[in-house]
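Chemist: Work out the full structure, taking the sequences as your base and the hints as a guide.
Count the sequence shown with this note's numbering and you get residues 1 to 97, in order.
Derived by calculation from the structure, the hints in this document are not laboratory data. Hints may be right or wrong, so weigh each one.
[What the hints assert, rightly or not] Calculated lysine-lysine pairs in the DSS-like style (CA-CA distance at most 30 Å, straight line):
#, residue 1, residue 2
1, K77, K53
2, K79, K59
3, K69, K53
4, K79, K53
5, K69, K79
6, K59, K69
7, K77, K59
[Claimed, not checked] Estimated spans, in silico, between C-beta atoms of each pair:
#, residue 1, residue 2, range
8, L21, F75, 29 to 35 Å
9, F56, F7, 26 to 32 Å
10, K77, N24, 26 to 32 Å
11, K53, N11, 26 to 32 Å
12, H22, H52, 16 to 22 Å
13, M51, I13, 19 to 25 Å
14, S10, M43, 17 to 23 Å
15, D81, R27, 27 to 33 Å
16, D57, F7, 21 to 27 Å
17, F75, R20, 15 to 21 Å
18, R27, F7, 17 to 23 Å
19, F7, S60, 32 to 38 Å
Glycine included, every Cβ here is placed at the ideal spot set by N, Cα and C.
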Amino acid sequence: MMDSVYFVGSNQILTWMNNRLHLNLSRIEEADSGAVQCQIMDMTFPGVVPMHKVNFDAKSEYDMIHNYKILQDVFNKLKIDESGELVTITKDLQEDV
Numbered sequence: 001m002m003d004s005v006y007f008v009g010s011n012q013i014l015t016w017m018n019n020r021l022h023l024n025l026s027r028i029e030e031a032d033s034g035a036v037q038c039q040i041m042d043m044t045f046p047g048v049v050p051m052h053k054v055n056f057d058a059k060s061e062y063d064m065i066h067n068y069k070i071l072q073d074v075f076n077k078l079k080i081d082e083s084g085e086l087v088t089i090t091k092d093l094q095e096d097v
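Modeler: Structure below.
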């Protein structure tokens with residue numbers, strides 16, 4: 001049987017993100033641009049993410065892909081090879097909104 005840590009609700013994740021990153025997100029979908037994920041990686045691995053390149057106002061697919069490419073570069077730099085398909089992730093997130 002899987003550990004209960006795998007069954008965390010979106011409200012718990014949202015609360016964690018808001019508290020750790022000092023954000024004020026009201027819905028998990030507000031984190032779909034990739035900027036929050038870049039912040040989480042920067043918090044975990046300080047200085048690895050070029051935060052000055054992250055578009056925090058990303059709304060279009062093009063801008064979101066830019067953020068996810070930054071994230072993918074960080075994964076590659078850290079030799080994390082389970083980053084997934086960049087375009088698929090972005091499109092899945094947009095469909096959920």
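Chemist: If a hint holds in the structure, say so; if it doesn't, say that too.
Modeler: Against the structure, the hints:
Taking the CA atoms of K77 and K53, the gap is about 16 Å. The hint holds against a cut of 30 Å. Taking the CA atoms of K79 and K59, the gap is about 29 Å. The hint holds against a cut of 30 Å. At roughly 11 Å between alpha-carbon atoms, K69 and K53 fall within 30 Å of each other, so this suggested pair holds. For the hint pairing K79 with K53, the CA-to-CA distance comes to about 21 Å; that is within 30 Å, so the pair holds.
About 15 Å separates the Cα atoms of K69 and K79, which keeps this hinted pair within 30 Å; it holds. Of the pairs offered as hints, the one joining K59 and K69 holds, with about 15 Å between alpha carbons and a cut-off of 30 Å not exceeded. Under the criterion of a C-alpha separation no larger than 30 Å, the hint pairing K77 with K59 is consistent with the structure, at around 26 Å. For the hinted restraint 29 to 35 Å between L21 and F75, the CB-CB distance of approximately 19 Å leaves it violated.
For F56 paired with F7, a C-beta distance near 30 Å keeps the hint of 26 to 32 Å intact. For the pair K77 and N24, the beta carbons lie near 30 Å from each other, so the given range of 26 to 32 Å is met. Here the CB-CB span from K53 to N11 is close to 31 Å, well matched to the stated 26 to 32 Å. For the pair H22 and H52, the beta carbons lie near 18 Å from each other, so the given range of 16 to 22 Å is met.
Between M51 and I13 the CB atoms are about 21 Å apart, so this pair conforms to the stated range of 19 to 25 Å. Taking the beta carbon of each, S10 and M43 are about 20 Å apart, inside 17 to 23 Å as hinted. One distance hint, 27 to 33 Å for the beta-carbon pair D81 and R27, holds here, with the actual separation near 31 Å. Here the CB-CB span from D57 to F7 is close to 33 Å, at odds with the stated 21 to 27 Å.
Between F75 and R20 the beta carbons are some 20 Å apart, a value that agrees with the proposed interval 15 to 21 Å. In this structure the supplied range 17 to 23 Å holds for R27 paired with F7, their Cβ-Cβ distance being about 20 Å. About 33 Å separates the C-beta atoms of F7 and S60, a value consistent with the hinted range of 32 to 38 Å.
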